[in-house]
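One-letter residues, chain by chain:
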Amino acid sequence: MRTFFGSSIAFCALVATSSHANPAQICDDLQRFICAPGSYDDGTGSASNPTVLSSGQSEIEQKIAKRAHDEFLKALKDPDNTYFRKTVLSATGLSLSPHCAKAEDHPSAKCLSDMATGLVDIFSKQQGSNPYQTQAYAMGAPAVTDTTFVTESPIYEGAVQRILDHTKELLHAEDIDKKARDKVFPQIKTLLLSKIKQMVKDPTVRKNLTDKVKAIRYDSSDCSGGTTSVPGLLMPNAFYNPSKNTFNFCSGMTLQNKSEFQMAFVMAHELAHSIDPCCITQGPSDFSFQFPEGGTRADAEAAYPIQGVIACLRSEQSVKARAADQVPQVSQSQGNYGGYGNYGNYGNYGGTGGGMVNNSQPQAPPPFAGFCQNDQITESFADWMAAEITPEYISKNYPKLSSEQRRFGYSNIWRGSCMDDATARQIAVADPHPAQGDRSNRILLVQPKIRAQMNCPKTPPRGTVYCAPPGFRSSSVPIPRPTPEPDMEGVVK
Amino acid sequence: MRISIAIVVTVLLSSLTVMSSARAQKAGATPAAPSFILDARSYYGERVVRFTLAEEGGKTVMTMASNAGDFSRRVLSSKDVEFLKAEFAKLPVPERLPGECARFHLTVTLTKGPKTAEAKTSCLGVRTITEPAYARFARILVNSI
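Listed in order, the protein sequences are those of chains A and B. Following my numbering, the numbering of the first sequence begins with 1 at its first residue and continues without gaps. Following my numbering, the numbering of the second sequence begins with 1 at its first residue and continues without gaps.
With the rest of the complex left out, here is chain A (with noise of 0.2 Å):
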């Protein structure tokens, strides 16, 4: 009896497993899987879901509103900040209570503490360190005047400043800056000009891009934006510089991923940026590439260097990247007034930077203006690129993890990158990146080394297509197909 139910359960959890939990479906979704909660080690670092902490916070965040807390209550402390006092318990509501009676001359300790905390509050909403994952002020908010007291004062910025002068040190900021600049960088860049040598057939071209991408320097994790401050220092963001032809990696990128997944792939990403359909016109106008003039965006997407890959990234088995007169989606609600659902109103480069309108007037489309407006092909090509590289970059600084391992790699280039609906319609008007699910499942996982080295099968899942790049076949017509089989090592022939 006992044999007998032992091997009813063991058969039971058979069928459980092979009917509901089979990690083989992360060859066709690896979306799902990079919003799955938990914290992963691929073997180069771990990445966690910022959703499933409890607190919300990593621990390096909670060290810093610990500071935060300190300094602004030693700002709040000072005999002679009456009025900075009377900003903060207005913006936070606390002159409605009553251990703050009188606190703006006589604050309790209480008081001080919790002046403090809406301090953070507000702090960290600046920094962008999950500032929106609660609602704390939905209801019986501060007046929005009231909270703009505080931000302009300069007792806050003061500590502000403070703030984020140790929050450069807890971040370790020489630490990521001396891995990104000494180890990933270099070789990214060398992958990057090999990717140039070999898609690029024209020589002058290719010259060109060549002496541009061998310029690039790494600048620095710091992406405070010094006195603007905009992006926010715990923000994980990174960006590539056309100007200064430099880029950065953003210390935010690593409070909660660690994975040199991550970090290859997004250098990969910005470094593409230096070469993308709209960069790629930047830089000294007499050796910089510029596309035909007066010609259509047909004209232009088939004159761009790396041939045959815009028109895939914009087909519908890839990741259908959209340009501003492309698409006639629309959806007015919530004053979706241009963007990548209906399209049209941001940037006008080399233009004014404003404008009336009225709109009752309709007028014939804008002849082509380039890929820098309203066009998400610039970030859909840089995701293509570092998918080719970061695959190289990886099988030859860790060529021995496990499939398993490099299943957590890939999935940790996007750990906890997941939205609901609601936001996900709220900025799909305005993102120039593709669907993130899209960006997971049609860019990284079709991507046939990648495929190899994740023991996926070769074939990409159903309705969905690589991109190959030049040379890789005869044809570049997106539609899906098999794909030449990897070698021993991964390396597509």
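Keep in mind the hints are simulated off the structure, nothing from the lab. C-beta atoms are modelled at their ideal positions from N, C-alpha and C, and glycine is treated no differently. A couple of the hints might just be wrong.
Claimed, not checked - Derived coverage of chain A by chain B (criterion: at least 3 residues anywhere in the stretch with Cβ under 8 Å from a Cβ of chain B; other residues may be distant):
no., region
1, 73-86
2, 144-151
3, 419-428
What the hints assert, rightly or not - Cut-off 30 Å, straight-line C-alpha distance, at most; resulting in silico cross-link-like pairs (DSS-like, lysine-lysine):
no., chain 1, residue 1, chain 2, residue 2
4, B, LYS85, A, LYS86
5, A, LYS86, B, LYS79
6, A, LYS102, A, LYS168
7, B, LYS115, A, LYS86
8, B, LYS112, B, LYS59
9, B, LYS59, B, LYS115
10, B, LYS79, A, LYS102
11, A, LYS86, B, LYS59
To be verified - The following residues of chain A were derived to be distant from chain B, with all beta-carbon distances above 10 Å:
no., residue
12, GLU169
13, LYS201
14, ALA303
15, GLN307
16, PRO399
17, LYS458
Starting from the known structure of chain A, fit chain B onto it as the hints suggest.
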């Protein structure tokens, strides 16, 4: 090739008007146009944050979403709404937007009624004459959530 942003926005809003009219006629009803909508889009490298301020059910609601997955909504008082409108009115308009600001800018569009909108764009985090005013406006937007 340079194109005026006004033309771009005009075309956009014109097409929206035409399409929304067609949709309303098809449905047999004309939806009430909100008296105004403020739509601010912040671009800084990989980060995109969108703020919209619009009337919903008799209230004025600020909604924020970012491509990092952040989302929040808050009802603003009429005093705050007027404050934001006044701050928008103060924003200077740069004579020229440098190409390097394609991924570093703040665009704010204030639509008044169904026919007119005013759009203002400046670099964000890239030093220009108008950038500090837009950086300040971005901070105010964060304060409004």
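Hints, verified against the model:
no.	hint	in the structure
1	73-86	violated (count 0)
2	144-151	holds (count 5)
3	419-428	holds (count 6)
4	LYS85/B - LYS86/A	25 Å, holds
5	LYS86/A - LYS79/B	19 Å, holds
6	LYS102/A - LYS168/A	36 Å, violated
7	LYS115/B - LYS86/A	43 Å, violated
8	LYS112/B - LYS59/B	16 Å, holds
9	LYS59/B - LYS115/B	22 Å, holds
10	LYS79/B - LYS102/A	26 Å, holds
11	LYS86/A - LYS59/B	29 Å, holds
12	GLU169	23 Å, holds
13	LYS201	26 Å, holds
14	ALA303	15 Å, holds
15	GLN307	23 Å, holds
16	PRO399	29 Å, holds
17	LYS458	31 Å, holds
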